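Protein chains in written order, with our numbering: chain A, 1 to 88; chain B, 1 to 403.
Read the hints as simulated data drawn from the structure, not as lab findings.
Owing to the predicted nature of the structure, the values given are computational and were not obtained by experimental measurement.
All clues given are correct.
Computed beta-carbon distance windows for the label pairs:
| id | chain 1 | residue 1 | chain 2 | residue 2 | range |
| --- | --- | --- | --- | --- | --- |
| 1 | B | Gly329 | A | Pro69 | 47 to 53 Å |
| 2 | B | Ser89 | A | Arg28 | 39 to 45 Å |
| 3 | B | Ala58 | A | Pro69 | 38 to 44 Å |
| 4 | A | Arg28 | B | Thr231 | 53 to 59 Å |
Ideal placement from N, C-alpha and C gives every residue a C-beta, glycine not left out.
Listed below are the residues making up each chain.
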Amino acid sequence: MFESAQDAIEVLSVFTASGMEPLRFRWRGSVFRVVKLTGRWQRREGSALMHHFAVECQNGESFELCFDPRSSRWSLNRAWRNPEEGRA
Amino acid sequence: MILLVDMDAFFASVEQAHHPGLRGQPVIVCGDPERRGVVTAASYEARPFGVHAGMPLAQARRLCPQARYVEGNPEKYVSVSLALLDLYSGWTPLVEPFSVDEAFLGLAGTRHDDMEGARRVAGEIQRAIAARFSLPASIGAGPSKLVAKMAAALAKPGGIAVLDVEGFRTTFWPRPVRELWGVGEQTEKRLEALGIRTLGQLANAPAGVLADAFGVLGPQLRDAARGEDSTPLVPYWKGVDAKSMGHEVTLPEDEAEPRKLEGLMLRLCDQVARRMRQEGYVGRVVAVKLRDSRFRTRIRQRVLERHCDDPDVFYGVAMELFSRLWDGGPVRLLGVTAQQLSRAPGPRQAWVFSWQERSLRLRESVDQLRDRFGEASVVRAGALASRRRLKHVPFGAVRTARP
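For reference, chain A alone in the conformation it holds in the complex (with noise of 0.2 Å):
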């Protein structure tokens, strides 16, 4: 199931041809592995660029994450857990 959140987490990532992108993440503790850039995009908050990011990491798991150049920090605001769960 989907949960908002706006967790600040630590993030290391890679700048590649296509610009930057997040290789792995520390949320409430767990370590994750983004195995797919899913998709980006950018967002305007002010005179900011904020840049966002949809991942796939191991067992499926799928998370939005959003870097703000202004602070030079990430945060998660969408996790996708438990795919398994409830499907048809």
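Start from chain A and add chain B according to the hints.
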């Protein structure tokens, strides 16, 4: 040849692409799933249950309780839409966005400007969209925007349909007039009253009969039914001025408290005026939309003395219209729209009255603060009356960055 790329169940497909756990499941994109609202988009897995965009969420839950209800993210969808336009420009510079999930592509001047070339390009674009965005698209192609648009409807979901005018006539003439792009329920009824039920009958109807019944629209309907359309494709880099801008919100619960409704009206007027100032427009008409708890929708509008982008002027007029529309009963939805937009004049005029000057300076200062710190950095106190219940409604204009 012209292509219409139509993204299939766009918002729901974006969520399925970003969250693999949603793939293959009925997905319903909406506002806050915990609150009342309407379905914004339904995935193809949800549609067999009868769920469609615009349906009240409570009804969707009854029809498809097992669906995944996902809160939509308009900024995300607009950003993906802009990235898609960039992708299309790899084939042709003639790209006209038609809506957030549709775009016309002109192949004139390219080596693909025939039916075979159009089919080839459509396939390439479909594969590129799937590879880069993991999204499904239907593509229609034809010699005009009309034929391309109607061919795309044949191709849904996930297909490609290429028609010339002959193919258009063979395919559509036996079909009901409702399938003609632009014909709604009312036009369909009026055509039926003339004994015209199929597109073929419309295409061959006497011009005089249609002109008598529909005025200038009559011959246009007949041309369209014949697959004839000369509407030009306007590339997005040439820009098309907006005709109106508005915001509306479905309340989480029916509301009859005047102070809260006034606060919401203030917020909506502020949003509309802010967006107009950001995009350089002034408006001449203010319209208010009200839907009550019995789903009765009423709209009233008023022409302003002059074009403007002043939220205070909008609010004054909107409240006057609201007072005429509102019978004191529970309100389900409120909306404010500015219409008859024009480009804002460059240098501001000298104001006769000092209060006008002060008001303008205040707006400019608020705009500067919001530009720098975000839309919620400065808000009107009156708009806070319903803040807790309307946390799903953003303050000010929503801005999305181009990729």
